[in-house]
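Peer 1: Listed here are the chains, written in short residue letters.
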Amino acid sequence: MTLENTIETVVADRPQALSQTSTHYCPGCLHGVAHRLIAEVLDELGIRERTLLVAPVGCSVFAFNYFECDAVVAPHGRAPAVATGLKRVSPDKIVFAYQGDGDLASIGTAEIIHAAVRGENITVIFINNAVYGMTGGQMAPTSLVGMKTTSSPFGRDVKTMGSPLKMSELIAQIDGATFVSRRSLHSPAEIRKAKKAIRRAFEVQINHQGFSLVELLSNCPTNWDMKPLESLRWIETRMVPVFPLGDLKNAVASHGIKGV
Amino acid sequence: MAKQLLKGNEAIAEAAVRAGVDAYFGYPITPQTELLEYMSKRMPELGRAFVQAESELGAINMVYGAACAGKRAMTSSSSPGVSLMQEGLSYIAAAEVPIVLVDVMRGGPGLGNIAPSQSDYFQMVKSAGHGDFKPIVLAPASVQEAIDMIGLAFDLADKYRTVVTLLLDGTIGQMMEPAELPPMSVKRSGAPGWALTGASGRPKNGIIPFRMQADDLEAFNLQLQQKLALIAHTEVRYHEQSVEDAELIVVGFGTAGRIAQTAVKMARRQGIKAGLFRPITLWPFPERRLSQLADDARGFLVVEMNAGQMVEDVRLAVGGQAPVKFLGRMGGSLPMPDEILSAIVKLDQTTTPAHPVGAIEGPMTPLKHFVSIN
Ligand SMILES: Cc1ncc(C[n+]2csc(CCOP(=O)(O)OP(=O)(O)O)c2C)c(N)n1
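Chains as they are written, first to last, in my numbering: chain Y, 3 to 262; chain L, 3 to 376.
Treat the hints as calculated values from the structure; they're not laboratory data. Wrong hints could be hidden among the right ones.
Listed below are several chain Y residues computed to face chain L (Cβ distance under 10 Å; list not exhaustive) [said to hold, decoys possible]:
1) S21
2) L54
3) A73
4) H78
5) G79
6) A85
7) L88
8) K89
9) E113
10) A117
Note that beta-carbon positions come from the ideal geometry of N, C-alpha and C, so glycine has one too.
Based on the provided sequences and hints, a complete structural model is requested.
Peer 2: Written out as structure tokens, the structure reads:
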């Protein structure tokens with residue numbers, strides 16, 4: 003074959019919103035997949051140049067290195083408050099927070115709940131990997147019952163440690179939340195659905211329709227002590243039954259235009 | 003503009019509005035709440051941002067976000083609320099974005115009470131959060147000064163991209179005084195180059211309050227310390243009264259300094275050569291001027307509405323050149339002019355040449371209610 007008739011159409015490319023760099027994430031980690039999906043959506047919606055990222059404290063504290071948009075790092079758990087401040091003074095910008103489950107479901111519960119209560123016109127991408135990745139695999143509020151972590155060495159015991167916190171269900175019942183969806187990254191089919199939900203969430207914001215959140219079931223091969231493929235199966239067989247997938251709320255309705 | 007009878011908290015709020023504040027975020031706490039309430043009406047009227055946050059953690063982080071967008075952002079609170087804001091203040095210092103915080107201090111520790119106090123000197127001046135940073139701390143002694151200082155606070159915050167705090171006690175927040183407001187300033191248009199406005203036609207901006215590599219973080223800290231050194235060199239402010247020939251210097255900030263002014267006048271009438279030194283910037287502390295005054299003064303009396311906080315800085319500045327006595331009231335009680343006068347008289351008697359410095363070690367005769375630390 004000659005060169006001329008091989009290079010015709012590009013079937014896969016790096017989204018413009020994704021930086022030309024390698025990431026620090028562990029092999030097999032799905033943070034990278036989540037990043038790519040968001041970047042593709044920013045490209046498709048043509049909003050990269052007016053998008054502001056609020057990165058959390060957690061493994062994705064470096065997310066600002068991987069997105070070609072303006073970014074700030076919030077204190078642990080406070081991303082929705084920082085995003086609120088940004089959005090209220092820049093209503094023409096697209097503001098999204100990217101948070102882990104320790105960040106969003108533990109230390110930052112008040113901030114996420116009240117951002118939803120106020121119907122802040124922001125988008126939150128919530129990575130649920132059932133552990134605290136960055137600090138070395140401690141128990142998270144989303145850890146499964148019986149799950150062994152570095153801070154629940156005998157397994158999560160409901161009697162003393164409670165059971166998994168379902169944040170998306172909690173947030174879906176808040177009037178101010180417009181779009182809440184839980185998706186998973188464990189298979190190509192689910193990844194496609196996840197991207198659709200992410201796109202929907204950003205569209206809600208673009209249309210000034212209020213608070214949107216997409217929870218993504220994710221993995222942590224390193225701290226789960228599993229091979230990457232094994233970790234994908236674990237999401238499917240263990241996490242999905244506890245955290246059912248689907249749109250938990252889709253109330254694209256008459257939320258007023260937020261901001262100044 | 004003519005003088006009006008204005009309540010401290012509301013005057014500060016309106017002065018901030020006129021200084022061009024774009025966004026206010028706060029949480030109710032006495033004796034600061036009128037500021038929040040005033041803003042809840044005024045900011046929407048002007049199409050500016052106002053949010054009653056879910057907590058002081060929320061409020062300070064909203065301020066952080068709005069400041070990252072290059073807007074003039076502020077919050078206000080009182081002592082326990084400011085304790086909650088410390089993590090945010092530290093991030094903001096590391097991010098080098100300008101913000102203004104008004105702390106209308108109340109009694110502590112714990113829930114303490116809602117009465118006026120100066121119990122946050124340590125919290126604001128020495129330890130506003132983790133890591134090596136210091137906010138600029140301005141201490142007004144009247145409603146008028148508070149009005150004037152809020153404009154200054156925003157200007158200093160912008161100039162140095164730093165946290166500026168107005169530190170006042172509940173008395174000034176709650177009292178009404180005749181004062182004059184500045185005219186409405188023309189709002190700044192556009193945003194500074196570092197602000198998050200979208201990476202359109204330029205490389206992306208990042209506001210990143212961490213540096214993972216030791217070398218990088220040390221280099222950042224050195225640069226931050228240089229900035230603080232420049233502030234310390236340039237921005238010292240204080241008020242003096244009859245210090246030229248003073249043998250005894252009374253030092254107090256805010257309300258305590260204002261009451262001490264009356265006591266100093268009373269002492270003068272008795273023939274005691276007393277003078278008043280009132281720091282206006284608590285950081286940077288006017289240490290050089292105090293050290294100069296110590297060349298000639300026989301003794302210092304520090305008056306505070308706490309158990310003795312600023313007195314430590316006065317002692318450092320005086321450097322053992324003269325005795326430094328302390329008089330403090332707590333829990334919402336104010337030091338009264340006659341009480342301060344008694345302490346001045348005592349200081350006068352114990353520091354006359356007949357009583358050389360060495361002979362007056364040990365506590366002053368304890369006066370009822372006073373904390374007296376030596
Ligand atoms: C106030 C505060 N408390 C604790 C920490 C330590 N810390 C850093 S990341 C983290 C957990 C992050 O876990 P998660 O949000 O689940 O994100 P992941 O790392 O798994 O992506 C913790 C506890 C911190 N930086 N700040």
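Peer 1: It remains to establish, for every hint, whether it holds in the given structure.
Peer 2: Right, here's what the structure says about each hint:
no., hint, result
1, S21, "holds, 9 Å"
2, L54, "holds, 5 Å"
3, A73, "holds, 5 Å"
4, H78, "holds, 8 Å"
5, G79, "holds, 8 Å"
6, A85, "holds, 6 Å"
7, L88, "holds, 4 Å"
8, K89, "holds, 8 Å"
9, E113, "holds, 6 Å"
10, A117, "holds, 9 Å"
This entry satisfies every hint, going by the numbered hints stated previously.
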